[in-house]
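Undergrad: Chain residues, written in single-letter form:
Protein chains: 2
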Amino acid sequence: MIVEILCIGTELLSGITLNTNAYWLCSEITNVGGVVRRVTVVRDDLSEISSAARESLARKPNILITTGGLGATYDDITFEGLAAALGKKVVLDSRAVEMLKKSYARHKLHYELTESRLKMASIPEGSTPIQNPVGSAPAVMEQADGISIFCLPGVPSEMKTIFKEHILQRIKKSVGKFVAEELNYNTRGLTEAIIAPVLIEIVKSHPKNMIYLKTHPRGYYRKKTPQIKIQMISRGDNEKEVKNRLAAISKVIEKEIVKRGGIIC
Amino acid sequence: MIVEILCIGTELLSGITLNTNAYWLCSEITNVGGVVRRVTVVRDDLSEISSAARESLARKPNILITTGGLGATYDDITFEGLAAALGKKVVLDSRAVEMLKKSYARHKLHYELTESRLKMASIPEGSTPIQNPVGSAPAVMEQADGISIFCLPGVPSEMKTIFKEHILQRIKKSVGKFVAEELNYNTRGLTEAIIAPVLIEIVKSHPKNMIYLKTHPRGYYRKKTPQIKIQMISRGDNEKEVKNRLAAISKVIEKEIVKRGGIIC
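The listed protein sequences derive, respectively, from chains A and B. Each residue of the first sequence is one higher than the one before, counting from 1 in the working numbering. Each residue of the second sequence is one higher than the one before, counting from 266 in the working numbering.
Since the hints were made in silico from the structure, they are not lab data. Errors might be hidden in some of the hints.
Here are the simulated lysine-lysine pairs, DSBU-like style, with alpha carbons at most 35 Å apart [said to hold, decoys possible]:
| id | chain 1 | residue 1 | chain 2 | residue 2 |
| --- | --- | --- | --- | --- |
| 1 | A | K177 | A | K60 |
| 2 | B | K425 | A | K208 |
| 3 | A | K223 | B | K437 |
| 4 | A | K208 | A | K177 |
| 5 | A | K255 | B | K516 |
Since this is a predicted model, take the numbers as computed values, not measurements.
Generate the whole structure from the sequences, applying the supplied hints.
TA: Structural data, given as C-alpha cells:
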C-alpha cells in the first residue's frame, strides 16, 4: 500500500505554516502498515499543481492524497490543477452544491451561493464529492488508472476528519493485519559511526520493511561525550513474531553498545 | 532566485520526525526575497533520492538544497543518490577526510577512520566539501548546469549553521535589496467566501510577488460566527513603496470588512 502526499499552499513554502498535515498523515498511514513514498509541497500555482500531480500519478502509488486549496479564495485552485493533470475539465457538481448548503445549514448560516462559494463545488469532471463534516469546502475522490485520488482540505481539523472517515479504513483493509513494536535506547559514549556496522548487519539479515533501525544524534554530554538515540521498530502481521524479533534485535544491540564503550542512560 | 528543497529521510515519511528543517529553510529564504518553489521529501532509498534530484535539476532552480542522509549509517546515502542523478561516481575526498579529523579534534575525540567514518568523506566526484562546524559529517557544494547544489546534514543545528554560513549570503546577494512588511487582521463575522472577491481584485491589480494576501479560517466564535485571519504582506526593493502599498491595501480591506458585516477583533 504505497501512498503519495501532495501538499498545496504557498504558505507552506514561505515559512508561514509548518506542514503538520503531512506529518500527521505520514504517522496515521505508517501506523496501520501503509508506506508513504513521497511528500511533495507546491505553491498555489496551476502549472506547479498539475505537473506535480501528473508526476505523482506517473509513479503509480495506490493512493494519492492532496491537501489544501479547496476553499473559496482566488488561490484555491487544487481542483483546476488536478483536472489539468487528468486532462479533464472542472464542472459545477450538483451533489457538491447540496453538500455546501448542508454545511452552511449546520452553522445556521443563510448564505447566497455566490460565485466564490460555487467555486468550491466545481470539481474535476467524473469525480465524487465528499461532505466536509467540519468546514464547508467539499473534498473529492477520483479514480485514475487504478490510483485512488483524494483531495482533502488544508484546515487540519477538516483534513483529519475526512481522512479518518474515508481513507484510513481503505488503507487498513488493503494492508490487512499489521503490528508494530518500538523500543528506543538513549546512549552515551557512542557515535553513529561506532554503532553503524552493527546496524547494517542486522538490517541485511532481515527482509525489508520488517525492521527499521535508526540512530539519532543527540549532541554531546558535557560538551565531550557523544550521545545518540537508537530507535528500533519491528513490523509484521504476527504479533508474537514482531515482539520476538524486536527482543532479539534489542539484545544484540544492547550487548554491542556496552562492548563498544557506550552506556544506556 | 528560485530554490528547491529535497529532504531525505525515512523518518520524515513515517511520522517520526516533523519536518521543521523545510519550514525553517522556507522562512529564511522567503525573508530575504528568495522563492522556494517546491519541497520534495523522499525516503532513504537510492532510486528515490536520485530520481527526485534528477527531476528537481530538470526544473532548473537557481539553487537545490538537500537535507539529511550525510551520516555514517547504512541509510545515509544522499551522496550516492546525488552522484547517480548527475551521472557521477562517489569518491573519497582528502579535503573531506581532513574536515572529519578537524571535527573529531574539536571534541577531543581520537577516532580511527573506520569504513563507516570514511563513508562521510566519500562525496560526488568534482564536488566541494564544506566543513561541518557543529557535527562531523561534511556538507557538499556542487555546480551542475548553472544550478548550485548544496547537501546539508539533517541535524537542525548543523543544517542551520552551514546554511547561514554558505547559502544565505548567496541568496541575499542575488536578490539584492528586499523589504517585506506584514499586517494581519483577525476578523469575526466573515467567511473566506465573503471577502474572496475583494482579495482577487487587489491581487489582480498588483504585479505578482509584490503582495501576498491570504485568508486563514479560524473556526467559529460561540459555534456560530465564522472567524478568519486576513494576512497581508507587501514586498519589494523600496521600503517606502512597500509600506505605502501595505497601507493602501489594508485600508481597502478594512473598509470592506465592515461593509460586508465583519468586525476586526
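Undergrad: Going through the numbered hints above, which ones does this structure break? Give me the numbers in ascending order.
TA: 5
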